[in-house]
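Starting from the given sequences, assemble the full structure and let the hints guide the process.
Just so you know, the sequences run in chain order B and X.
Under the working numbering, think of the first position of the first sequence as 1, with each following residue one higher.
Under the working numbering, think of the first position of the second sequence as 1, with each following residue one higher.
Source of the hints: derived by calculation from the structure; they are not laboratory data.
Glycine included, every Cβ here is placed at the ideal spot set by N, Cα and C.
Just so you know, not all the hints are guaranteed correct.
Stated by the list, open to error - Some residues of chain X that are not near chain B, with every Cβ distance over 10 Å (derived): (1) 1; (2) 40; (3) 61; (4) 66; (5) 119; (6) 123; (7) 138; (8) 188; (9) 198; (10) 207; (11) 211; (12) 214; (13) 226; (14) 249; (15) 274.
To be verified - Straight line, CA to CA, 25 Å or less: simulated PhoX-like cross-link-like pairs of lysine-lysine: (16) 184(B) / 231(B); (17) 62(B) / 8(B); (18) 8(X) / 62(X); (19) 62(B) / 62(X); (20) 8(B) / 8(X); (21) 184(X) / 231(X); (22) 8(X) / 231(B); (23) 62(B) / 8(X); (24) 8(B) / 231(X).
What the hints assert, rightly or not - According to the in silico footprint, chain B covers these stretches of chain X (three or more CB under 8 Å from chain B): (25) 7-15; (26) 172-182.
Protein chains: 2
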Amino acid sequence: METISQNKAYGGVQGVYRHRSATTGTDMTFSVYVPPHEEGARLPVLWYLSGLTCTHANVTDKGEYRRACAEHGIIFVAPDTSPRGDDVPDDDAWDFGQGAGFYVDATQDPWSANFRMRSYVEDELPALIAREFAVADMSRQGITGHSMGGHGALTIALRNPGRFRSVSAFAPIVSPLNCPWGEKALGGYLGSDRAAWMPYDACALIADGARLDALLVDQGDADAFLREQLKPELLQQACEAAGIPLTLRMQRGYDHSYYFIATFMADHIAWAAERLR
Amino acid sequence: METISQNKAYGGVQGVYRHRSATTGTDMTFSVYVPPHEEGARLPVLWYLSGLTCTHANVTDKGEYRRACAEHGIIFVAPDTSPRGDDVPDDDAWDFGQGAGFYVDATQDPWSANFRMRSYVEDELPALIAREFAVADMSRQGITGHSMGGHGALTIALRNPGRFRSVSAFAPIVSPLNCPWGEKALGGYLGSDRAAWMPYDACALIADGARLDALLVDQGDADAFLREQLKPELLQQACEAAGIPLTLRMQRGYDHSYYFIATFMADHIAWAAERLR
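Written out as C-alpha cells, the structure reads:
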C-alpha cells in the first residue's frame, strides 16, 4: 500500500492510499480518516460507499464527516466506485462502466475480469485495512453510502448478517430490479437472467429473508432521481413486511448532491456511533 | 445577476451566481450561503477571500462553513480571486495573473484594465450583494480569508476603519513587501516603486497607523509556506507595537490545505458571530 497524501484534519489524519488489487487487477485508490486517539486505542470503522461517477475524492472533499468522526472516535473509509484505467473496459455513458461498478461481481464479457467491486469491498479492502491500520477494530464496523453506494451499503449488509452493527444510507437505489439505472447496470454486468440480480437488490434480499437490526435512510424530496430511480417506498414496503425497523426521513427541499449528504452526515455518524460503541 | 446553482444545505441555500463586472470588465462568479432565517430577518455578512489558484468553488466545496453559519445565522460570501477569461491577460505561473489577483488595483500594463480586485471586493461586489440580497444587513460585516485571501482580508479591513466588526485570517500573507509572492505580484501589478505597495501590506498599514479592534489568526506549524512567505512573526511584532490585540494560534501539525481551514472554520465563524450579533 502506497501513501498518496496525509493531511492533519480535526486533530486526526486524512489519508489517501493506493494499492494493487488482486480482485480487480488494477491499482485502486481509497481514503481513510483516522480521528485523534490515544496510542494503542482501537476504533470502530465506518464504510462509506459512493455513488455514480464518484471516486473516493468526492466524499473526502465534500462529505464533511471529519468533525463528527473526530467527536465520536470513528475511522471513515471511502473506496472508489469501480476499477479504472486505460486497459479497463469502459462505456461512454456516465452510469455504466468506469465510475459505475454497482458493487457487483460482473459475470459478462468484457466486464468480468475487472468489475468485481462486490469482492473488492466485501473481502479484499477490509483485509487490507485490518492489516495496514492497527487502530482499526474490525469487530466493530458500520456501513453507509449514497445513491449507488447506498445500494451497495444495503446489499452488502444484508448479505453479511452480523458483520455491520450499523447500517444507513443517503438517497439509496433500493431496488435495481425496478429502476432504469439498475436494469442497465445489472443487465450489462450480470446478463439478462434476472435471477442473478437478486443478491444485488436490497428489496429482493429482504423478501428472501435477509434482515437488519435497524436502518436509517435520508432522502431529499427535491431529488431529481426520486421517483424514477430511487423509490424509497419500495424499501419501506419491504421493511414493513419483514419487520425491519426503518427510519426513513424525507428531507424537504433537499436534492441529490453533496450539499444534502453533508447536511445529514453528522446524523449518520451519530447513528453509527451509538451502535459501534 | 444570474443564478448558476442553488442547493439546500443545512436548512439554508448555497447559491452560486455570475454577473458582469464593470470594475474588471469581465463576468465574475461568486458564491453566497444564506442560512435558514425568519422571513424579513436581516443577517450579518461574513466575507471570505480565497488564496492563490482558487475560485469561489474551493471554499464552497471544502470549507465546511455552512454548519456554523446556519447555527449563528451568518451569510457567507466567497468571491473569485481574479478576473478570468481568454481575453484577460494571464501568466504561466500559478502565483501571478489569473487566480492570483492579490486584491490590488493594478496600475501596470497589461494588468490594469482587468486586475482591479481591490475595487471589486471593496466596492462593486458589496453593492451588488446589498442590492440583490435583501436579507443581508450590510451594517454588520465581518471579513476573513486564507493565505493571499488572508492578506486581502487584513488589508481591506485596515484600509476601511469601522466597516468590519470582525476580522480574522487563516495562514495569511502578512507582508507582501517581505516575501517572494508579494514581491512578484505587487511588483508586477503595481510597478517597482515600493511606496505604491504600502496600502497592500498589512504590517506597513499598521505601522502607518491603521488599527483593528481585535484579530484572530490561525497558522499551521507544518505549513510549507510558513517561513519563506507567511511570516506571522512580522504581524505579531506590528500588532504588539500598535497595541492591536492579536490572537495568533500556531496549530501543531497543520499544513496550508483546506483540511486545515475546515478544521478551524467554525472557530472563525464563532469569532465573527460574537462581534456581529
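A quick look at each hint next to the structure:
no.: 1; hint: 1; in the structure: holds (21 Å)
no.: 2; hint: 40; in the structure: holds (20 Å)
no.: 3; hint: 61; in the structure: violated (5 Å)
no.: 4; hint: 66; in the structure: violated (7 Å)
no.: 5; hint: 119; in the structure: holds (32 Å)
no.: 6; hint: 123; in the structure: holds (30 Å)
no.: 7; hint: 138; in the structure: holds (26 Å)
no.: 8; hint: 188; in the structure: holds (31 Å)
no.: 9; hint: 198; in the structure: holds (36 Å)
no.: 10; hint: 207; in the structure: holds (34 Å)
no.: 11; hint: 211; in the structure: holds (34 Å)
no.: 12; hint: 214; in the structure: holds (25 Å)
no.: 13; hint: 226; in the structure: holds (14 Å)
no.: 14; hint: 249; in the structure: holds (14 Å)
no.: 15; hint: 274; in the structure: holds (20 Å)
no.: 16; hint: 184(B) / 231(B); in the structure: holds (17 Å)
no.: 17; hint: 62(B) / 8(B); in the structure: holds (16 Å)
no.: 18; hint: 8(X) / 62(X); in the structure: holds (16 Å)
no.: 19; hint: 62(B) / 62(X); in the structure: holds (6 Å)
no.: 20; hint: 8(B) / 8(X); in the structure: violated (29 Å)
no.: 21; hint: 184(X) / 231(X); in the structure: holds (17 Å)
no.: 22; hint: 8(X) / 231(B); in the structure: holds (21 Å)
no.: 23; hint: 62(B) / 8(X); in the structure: holds (14 Å)
no.: 24; hint: 8(B) / 231(X); in the structure: holds (21 Å)
no.: 25; hint: 7-15; in the structure: holds (count 6)
no.: 26; hint: 172-182; in the structure: violated (count 0)
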